[in-house]
Every structure is written in C-alpha cells, then in structure tokens.
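Asks: Counting along the sequence shown from 1, when you hit position 215 you're at 215 in full-length UniProt numbering, and nothing is skipped either side.
FYI, nobody ran anything at the bench for these hints, they're computed from the structure. Careful, some of the hints might be misleading.
[What the hints assert, rightly or not] Taking CB as the label site, the calculated pair distances span:
| id | residue 1 | residue 2 | range |
| --- | --- | --- | --- |
| 1 | G355 | V419 | 25 to 31 Å |
| 2 | K245 | A527 | 38 to 44 Å |
| 3 | P284 | P363 | 26 to 32 Å |
In this text, a Cβ means the ideal position worked out from N, Cα and C, and glycines have one as well.
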Amino acid sequence: MTEAKKKERTWRKADGSKLPPAQRAPRPSEHHQADLFELGTNTATLNDTRDRGWELSIFAHDAEAENAAPAERAMQFMHGLKIPEGPNAGKPVTLAPFQRQFIEGAMADTTANAILSIGRGNGKSAITAGLALGGLIGVWDRQPRREIIAAARTRDQGRIIWDFVAGFIASLPMEIRRHFIFRRAPRLEIEYEGDGGGHILRVIAADGKSALGGAPTMAILDERGHWALDRGDELEHALLSGLGKREGRAFLISTSASDDTHPFSRWIDDPSPGSYVQEHRPAPGLPADDPESLLIANPGAPHGIGGSLEWLEAQAKRAIARGGSSLTSFRLYNRNERVSGESRDLLITLDEWLGCETSALPPREGGVVIGIDLGGSASMTAAAFYWPATGRLECLGTFPSMPGLLDRGQTDGVAGRYVEMRDRGELSVLGDKTVPVAPWLVEVMRHVEDQSVIAITMDRYKQAELGEAIGRAGIRAPLVWRGQGFRDGGEDAERFRRAAFDGLVKAKPSLLLRSAFADTVCLRDPANNIKIAKARSTGRIDAAAASVLAVAQGARIAAQPKVKARMQWF
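When you get a sec, could you build the whole thing from the sequences and use the hints?
Replies: Printed below as a string of structure tokens:
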C-alpha cells in the first residue's frame, strides 16, 4: 500500500456511510505492536508483555496488591474463576469457610506441607485445581520457569485434575488464555507461555522414578491416602526432595487412609515441623447415619458443596441396609473414617465387630475355652478366653521385650499403638527375643485360675512345641488341635462369624482386637472354602486367630446334645 493511498483511506460504517473523524478508531499506541496485517480495525494485535496491570488484577502493581499475603491473593484469584462442571457450572467459585481456613493455613509463610483430610465430594478437586492454576500463572510466586506437579494414584485419576484446571482456564480473560498450551500425549501437561514463559503443570502417576531429578515449585498429592504403599512412598519422597531445591510447597489432599499405619495417617497424627494439618474426621464408633458426625466429615454440605445432609443420610441408610463392603466404603469415603477398604472378604467388618463390643460384660460362668496362637520372635503370641454359656470374650497379647514396644511399633508402622495397648492392659512383654512358652502358659492359666477350663484349642502346626510346654507347665485340660487350612480353618471362621452375628460374642472395647480384625481377611479356594490371612505383611492377627479358635470350639461344645441322666428301678 503506497503512502498516497494510506492518506486517502477513509473509515465507513456498516451501512457504507463515512465515519466522522471524531469517531475513528484510535491508532495503536506506543504500548502496542503495530497492526499485524496493517489492514482494518478487526485484525489481531498483541499487547506489550510489560503492560500487565490491565490484563488481570492479580498482576496489578498497586501497593495493596503488592502487600497482600499469598493466601489473600490465592483466594482472590479463585473467586474470579467459574465452576467448570456439575450442577453449578458457570457460576463463580465461592469458597466455603473450611476451604478458606485451609488456604490460609496452607499459604502461611511457615508452612511447607499442607495436609487436608475430608470426605469425598467436598470440593477437593476445586481446591486442587485452583491452587495448581494459581501456582502455574504466578499468583503468589513469580519464580521463573515454574513447575507444578499434580501427582495421583493413576493416570486416569490425574486426568480429573487436568480437566478441572483446563475448565478453570476457560474462565480466564482471553489475553491470558491464549498463552496456554494443552498437551494430552505422551503426558498430561499444560504449559503457560506468559510471564516469561517456560511454566508447566505436569500430571504424573504414582511412579517414584518419574519425579526423580525434578525441581517443582509446587506439588499436589491427590488422594494420598489411597496410593500403593511402595510406589506411593517413592513418589512422595522424590517430590519432597525436589521441592526443597526451590522452597516449594506440598499439598496432600485426600480422604482418610484405611488405618493408622498408612503414611497419610502418619502425616496427620505425627506432623513434621512446617506442616499444617486440617482433618475433618468424626469420632470412631458412631452410627453411620449420625447427622452431626456426617457434617463433621462433610463440611461443604451446608454450603451447597457436594451432597446435602438429606442425601448423605439416605446413602447412610442404604449402606446400613446392605451392610458388608457397602457400609465399609461409606464409612471410609463419605464419613472419612479410618476403616479398611480391603476388597477381599474381611473376617468381620468394623460395624459388625462394634456390635459385639459392650461396656457391660456378661459374667464368667459355665466354664471357659482357651484359644492359643503361638508366635515367634517377630509375631505376637495371643490367648483368647471364651465362655460359651454367656458369650464373654477376653483376649491378651504378648511380645518379647526385645525390641521394645515403641521400636516394634515403628517397624510395624503403627507408631505407639502397642504402647497404648500395654497401658490399657491388653498387651504385655515376656522374655527377651522370644516368648518362653511354658512360663507364658502359666500366666495364661493364672488369668482364669478360678475358672473351670473345658478345653484348650491350638494350631496343630506347633503341636510338638506346645505339647512339651503344656507338660512342663503342669496343665491338665482337654486339648483340641486344629488346622489353619481351608478345612479346619474354614469351619472355625464360619462358626466365629455366625456366633458374632447371632450376638453370642460379647467383649469390652479392645484396641488389640480392633486392630487384629482390621488386618484379618479371608482367602477363598475354588470350592469357596475360606481361611483367615493377613491383609498386610506387618499386620498382627494373632489375637483374631486365637479368638476364632476359642469361639469356634465354644460353639461346637454348645451345640453338643446334653445327655439326660437316667434312673433304673429294680
């Protein structure tokens, strides 16, 4: 285009009439690049990257924004986003009080690790995605080449985070959106080319090797309570070591793990320095449909986040009616309780065992059956005492004194649980590196010295060792030897279950028995016969095994027909 034609060019309205000079569109200012194609008013122009203040309020250079705390910047940013999916899609994000509380604690200057444990459906995805996006575009941290790692148990689980972040990006201004690049293969990534470029959000699965060598500025560990123990620990350690290179933050957001031994539970129960912990978990042992405890685990319900209280109560009643794994899953995911989510058959679920616990024990009457499970140096040795006439069940466990209970608890991943059992009178120590069988049997008999022992039932696997010890201890009582395979073990397990379901087992609240039954599962053979086994390698199920032996033998004794005395007349 020549200079003469440029001077003669006129602007016209849509109807063809000339546009008065006063209404002409202004020429590009010195802060803008020239018209890309030098034609028309609708051609694209790029803004100078140094002029950031008008693009998005979080980049404004006013004193108020500069002095705002990271938590305030994060919440202001998230309030400007729109919900990407669900019944409230398109509405602005409104943070509930518990969400604001978590962000304030997590973004404090002294916080390096933020842990949130809450029931399913309470906006964990919104918090996770909002924090990831804010860290990516530099809402509170303007380091160059920022790297955000969103770690999940599987790639499909991580895809949920990726989709949520992409949905939030759609609510940003166009001048920000055009700086994003979305990649779905070979990895799920979102790159941000603004603010100097080179910023990336990467989704990885629980494979520790995939995070080695990285230096993220933020790491989000989504549903940490349900990662596999070995690979999950590797990934966690790799991420935390990488965060230290750039003073990054870790966010661990999940529902409760299945037990106290899981690393996520350890983060909550024994937090390291620089950790902020926020746990929404009701007290154990409450009914599944208790409304107050449902609101503790689901604080978003009153604010329209997740299911309403009425919906939660309806789901609780359905789970109670179905029982079994449905009730266990509801407690784990919706009530945020630490109960086993084991997919294999549990010998007895938490709710079923809680039905056996009572504060008013029946009396010791009618003779006692003693079940014995003999352990080695690492295992526990346990004895169970069952009175078939009244249904009373007692159980005691014993460990060698070396190593100590606290050290043994650390090795088994249960922290101070063994010490607590000892303080409750449920666990004792005897011997050095192994429990001496004969002295231990003497202590067992002393526990019921005023009772009539109608049977002692034991595993035949250690029949020779136990038989010699019984002789040395001078015990005189009927001995019953049982196998632990699918034949004898299956019968004993079914008899124990039947007695528990029929209300024929009554025990006082026992941490020893709760822990043992939580780790006890049932294996099935092709003929559908069962036998008990450990749910995890370091689980201690000796107390459960002894209880099964005692209750099953008591059930057999109770089922025997009583012979009536006959008198013969001469």
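Asks: All the hints need checking, so say for each whether the structure fits it.
Replies: Checked hints:
no. : hint                       : verdict
1   : G355 with V419: 25 to 31 Å : 28 Å, holds
2   : K245 with A527: 38 to 44 Å : 57 Å, violated
3   : P284 with P363: 26 to 32 Å : 28 Å, holds
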